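Just need the whole structure built from these sequences, with the hints factored in.
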Amino acid sequence: MSSNYGRIAKDGIWDNNIVFAQTLGLCPLLAVTGTASNGLGMGLASTVVMIASGLLISLFRGIITPQVRIPVFVLIIAVLVTLVDMFMNAWVHDLHKVLGLFIPLIVTNCAILGRAESFASRNNMLPSLFDGLMMGAGFTLVLVLLGAAREVLGSGTLFANAAMLLGSWASFMELILIQDYKGFLLIILPPGGFIVLGFLLAGKRFVDRVLDERKRLASKPEDSAAAEPT
Amino acid sequence: MGTPVEPQYRKRIGYQAMLLGGFSILATVMLVAGNMATKDVILERQKEDLLASLEEVVPAEHYDNNLLDNPLQLERATGDPITIYRGTRGKQVSAMAYEMSSQGYAGEIRLIMGLDAQGKVLGVRVLSHAETPGLGDKIEVRKDDWILDFNGLSLGNPPREKWKVKKDGGQFDAFSGATITPRAVLKAIENGLVFYKENSAALLQPPVTNTDTVARSGVNNDE
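First to last, the sequence lines map onto chains A and B.
For the first sequence, full-length UniProt numbering begins at 1 and goes up steadily by one.
For the second sequence, full-length UniProt numbering begins at 1 and goes up steadily by one.
Treat the hints as calculated values from the structure; they're not laboratory data.
Please note: incorrect hints may appear among the correct ones.
Calculated cross-link-like contacts (lysine-lysine; reagent style DSS-like; alpha-carbon spacing at most 27 Å) [unchecked claim]:
| # | chain 1 | residue 1 | chain 2 | residue 2 |
| --- | --- | --- | --- | --- |
| 1 | B | 91 | B | 162 |
| 2 | A | 97 | B | 47 |
| 3 | B | 187 | B | 162 |
| 4 | A | 215 | A | 10 |
| 5 | B | 39 | A | 97 |
| 6 | B | 167 | B | 143 |
| 7 | B | 11 | B | 39 |
| 8 | B | 143 | B | 120 |
| 9 | B | 143 | A | 97 |
Pulled from the structure, derived: some chain A residues nowhere near chain B, Cβ distances all over 10 Å [claimed, not checked]:
| # | residue |
| --- | --- |
| 10 | 21 |
| 11 | 63 |
| 12 | 76 |
| 13 | 110 |
| 14 | 129 |
| 15 | 130 |
| 16 | 200 |
| 17 | 202 |
| 18 | 206 |
| 19 | 210 |
Small disclaimer: the values here were computed from a predicted structure and weren't measured.
Heads up, the beta-carbon is just placed ideally off N, CA and C, and yes, glycines get one too.
Printed below as a string of structure tokens:
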């Protein structure tokens, strides 16, 4: 029952990251990360749904019994995704044209159900809301990283079509890194997603190990210093 | 663990059923409300989208009406219905646009093509496709201007046997690594031009209030 916000943030972004640590949500992950912009859009839409589902489920957790919790959670998440889809279609239509394809995919993201089950159903409203935000941010981070890596390797651009997602001010983000690049098909196709994801996961492990090592080294001199006088 | 003790009534089947039923009703109410709030706006947006894609394939100087007025319903060679949006000038049909589709590398490619009254291509745009990103998606005008090569062509220009990608002995470029996609687009455009040729009498019939019946008899006369 952690209501420690720093811990929640660290869990969401790094330690217990949906993809890095839990390896959940791979279906939407691999489907949309052909470009960094798509990854960003999918990440943002997923974050909205995670925040709203965390909020609603923590609100209703008092009356939901363990026996029927799964169908109730699924129902709530499905309704939320459908509503987000409809609202975006009506009021941010241009954004919906880019993301519309991916929004139903959010339902297939078991991470949302996972957070509902393991966090929102056991915590109060505010921590649940914050958890949704942080888990969503962590998911978005991975989507953008993976999208950017695949986009650079696969098509030689970065944040192509960002302006369609964020408005014309974002066009400065659209870079062509490699002129006349012929494209690397494998990276753009789903198997490439798995390969790049594998490297990202390995990279995360490596960073964790280096950090651990540093921590150990940092604490060692103190130990030996403390041991010396005896 | 800190799990609170459950009250007895919550273990009953009745409570569970009520709970599930209650949430289903709540979900239904939310969805119906959401649908009612957004339905008209979404329809409006879709109409704008349609008009926008029509305006892309039929340049404004070719008509002076609203392209969405009096759409014409005909049948394709396959028997499926097809909707033709017509641009008129004076009472005469001066341009038209309709959808064609064909099977691409990964699923259906839908495109909309605009023709003038002589059957010359004014513009072609891909509406939806599921082709490989970075390869086949160069048929989208915002990724590549390949699709603009079709402007000004018609069924006899180039001759039928040249309506192929270069690899198949025709005159059209394909993208490196993707031949099936341009082939499919070519096929769809060619079919669209054949459709024009076979139905030109009906297509050029000036729209009147009860357009549909007049147009249909036009087809029959032609056959």
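Hint-by-hint comparison with the structure:
About 36 Å separates the Cα atoms of residue 91 of chain B and residue 162 of chain B, which puts this hinted pair outside 27 Å; it is violated. Pair hint residue 97 of chain A plus residue 47 of chain B holds up; C-alpha atoms about 14 Å apart against a cutoff of 27 Å. With a C-alpha separation of about 12 Å, the suggested pairing of residue 187 of chain B with residue 162 of chain B holds against the 27 Å cut-off. Distance check on the hinted pair: residue 215 of chain A and residue 10 of chain A sit about 17 Å apart at the alpha-carbon level, within 27 Å; holds.
A distance of roughly 16 Å separates the Cα atoms of residue 39 of chain B and residue 97 of chain A; the hinted pair therefore holds under the 27 Å criterion. The hinted pair formed by residue 167 of chain B and residue 143 of chain B meets the criterion: a straight-line CA distance of about 22 Å does not exceed 27 Å. A hinted pair counts as satisfied when its Cα atoms are at most 27 Å apart, and residue 11 of chain B with residue 39 of chain B does not qualify at roughly 41 Å. Note on residue 143 of chain B and residue 120 of chain B: the hinted pairing holds, with a Cα-Cα distance of about 24 Å set against a maximum of 27 Å.
Distance check on the hinted pair: residue 143 of chain B and residue 97 of chain A sit about 16 Å apart at the alpha-carbon level, within 27 Å; holds. Taking the minimum C-beta to C-beta distance to chain B, about 23 Å, the non-interface status of residue 21 of chain A holds against the 10 Å cut. The claim that residue 63 of chain A is not at the interface with chain B is violated, since a C-beta of that chain comes within 10 Å of its own (minimum 7 Å). Against chain B, the non-interface label of residue 76 of chain A is violated: not every CB pair exceeds 10 Å, the least being about 7 Å.
At roughly 20 Å, the least C-beta separation between residue 110 of chain A and chain B is larger than 10 Å, which holds for a residue marked as non-interface. Distance check on residue 129 of chain A: its Cβ is at least 19 Å (rounded) from any Cβ of chain B, clearing the 10 Å threshold; non-interface status holds. With a minimum CB-CB distance of about 20 Å to chain B, residue 130 of chain A clears the 10 Å threshold, and the non-interface call stands. Interface exclusion of residue 200 of chain A from chain B stands, the closest Cβ pair being 19 Å apart, more than 10 Å.
Chain B leaves residue 202 of chain A outside its interface by the beta-carbon criterion, the shortest separation being 25 Å against a cut-off of 10 Å. The Cβ of residue 206 of chain A sits about 29 Å from the closest Cβ of chain B, beyond the 10 Å cut-off, so the non-interface label holds. Consistency note on residue 210 of chain A: stated as away from chain B, and its beta-carbon is indeed over 10 Å from all of that chain's, at 34 Å minimum.
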